[in-house]
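Work the whole structure out from these sequences, hints included.
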Amino acid sequence: MDESTKRLLQRLIRRIPTQMLRTTLDKWGRLTGGQLHSMDFTQSKWALTEKLLAICEENELAVKHITELEMIYIIDNPNQGMWYAFQLMDPEDDAHSVELTQFKEQFKSHLRELIRHVSVKIKKHTDEAVWIRIAWGDTFSRPNHMKPTYVVHSLQTPYVFVTSLTSKQKPLLSQALVLSTRYQAIKDANLSGRKLTAIRDLLMRQYHQVFPTRYPTPLAENNPAVSNQHIEKEQAESAANRLQAACEAFGGGMLPQLQSAVYKLETKFRDHSNKTMTEREEPFRCVVKFASTNLLESLRHCASSGTKNLNCLHPCHTSALLYPPKRKELFCYHRQWPRSLLTNAPTTEMMGDKHLI
Amino acid sequence: MSLLKPFSKLPGLCTANILLVESEEQFQQSLADALVEETAVTVNVRLAKSLPLPMENEESRPRIDLVVFIINLTSELSFQSAEASLKYLDPGYFLGKVCFMVTNARNASVPTERLDAVRKLAASLNCPLLFAEDQTPDGVTNATERLLTILKVAAGLVPMATALYLSNLTRCTVPPDIDQPSFD
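Just so you know, the sequences run in chain order A and B. For the first sequence, our numbering assigns the number 1 to the initial residue and increments by one for each residue that follows. For the second sequence, our numbering assigns the number 1 to the initial residue and increments by one for each residue that follows.
Mixed in with the good hints, there may be bad ones.
[As the list claims (entries may be wrong)] So, partial list: chain B residues that the calculated Cβ filter (under 7 Å) puts toward chain A:
#	residue
1	36
2	44
3	45
4	46
5	49
Keep in mind that the hints were calculated from the coordinates and are not lab data. A quick note: this is a predicted structure, and the numbers were derived from the prediction, not measured. In this text, a Cβ means the ideal position worked out from N, Cα and C, and glycines have one as well.
See below:
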């Protein structure tokens, strides 16, 4: 094993937390039972790395095996690094019948045509998603495995999620993707974040609330019994109504973990005490950012706890957060901002640009 | 205006009824679970987000012996909601049957003016002000014990002590220099 391979392995082991190391190595399957057994996972990371290096030398493993291990780790823990979502546009006639082997061949050959030294690894995950790991080199140097790009694509959908891509590599990847998936163009879906699972659910609408529906009121028999007969809630009915309204807007189950939403807003100033600002001709442009550990959950909680001054709970406002911006949504405003700054007239338009951070 | 009246109903035998009013509806649930564990007395807990209480429960509601307003100091809304609820209490309650409980007083993000405002409010109404820690089970247990002490007196279950007498001893006082700027 040469120096760069050793360094790659060292960096990888440093990255994988010890509690996951054993399962990941198991899945990798390149270590024999005896070797895996001989590794003592209670030792320090450094000691483990040395041991693993020795074992890999013994098994004569090469770079491609190490990258396999990295891929296994990333597939099991996708929620790190920044993921950017892209959407493929204008499918050709046979776009929907592209199947895996065809996609793999086409992608690899197109990418190799564009850039000579590139190392591509494609793997199909159990849930229909295709994971691609690309290590970029250029005409003179070998692929750099220290900074690989990961791409996730589900074959029958137009969405692609990418991480660690530089601006120079972006057109190459876009071209290869477009050609191999038989679409005509690719554009930025304006959605990014650290949790791949959250943005994927949001974009591919895998969570159940699609639009405000009549949330079924739970049957009285299904409700768990009241905690204690001596405890009674005075305002139980109004609490139940609020919860019902919140669930109608957001759905009752798990919501994708949106952490920040940034909107560009054009609005007009309205404050009678300030004539100069009110009489301006051009619209007021500002950037609005909502941040939280889980935006949709906190909005749902606001609705169900009846925070009266928060007027952003109209279902079509919440849908503004739920769907990537294809339409102009009504703006929602937060009570802490000066009321004079914003109007809620339908003429206010908002261009959404959401980042989940 | 539907005022909550302290003496319009008959008391129960060996029973104490407490009303916990909290805008966030969080701490009151854990307090309630701890309060009903009391064995010497039957404690009935009513939970509310704010006053006034709904008219539908008027007949089934027992006589409330102690009303506790739980204020989360990190939220201005919490304080305002508690203040607004005060006017729905009959003045008879303020003779020892009202208590203020405050959480998150140690939080660095709490502006000192808010705690001062709560203090002044409690002092002007001659009510005790308790500080509670709501995140740990120990904190909940401590808060429960203190509430139970006041509750038993307010329900008339402690001989030779009345709510008015106890409130004279435990009521919140405001130091005379509260409006002076502090040193930190």
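Is the hint on residue 46 of chain B kept, meaning its closest Cβ partner in chain A is under 7 Å away?
-> holds, 5 Å
Interface hint outcome for residue 49 of chain B [beta carbon to chain A under 7 Å] | Where the cut-off is 7 Å and the nearest Cβ of chain A is about 6 Å from residue 49 of chain B, the hint holds.
Regarding the hint that residue 36 of chain B lies at the interface with chain A, is the smallest CB-CB distance below 7 Å?
-> holds, 5 Å
Could you check if residue 45 of chain B really has its C-beta closer than 7 Å to a C-beta on chain A?
-> holds, 5 Å
Does the nearest C-beta of chain A fall within a distance shorter than 7 Å of the C-beta of residue 44 of chain B?
-> holds, 5 Å
Hint compliance for this structure: no hint is broken.
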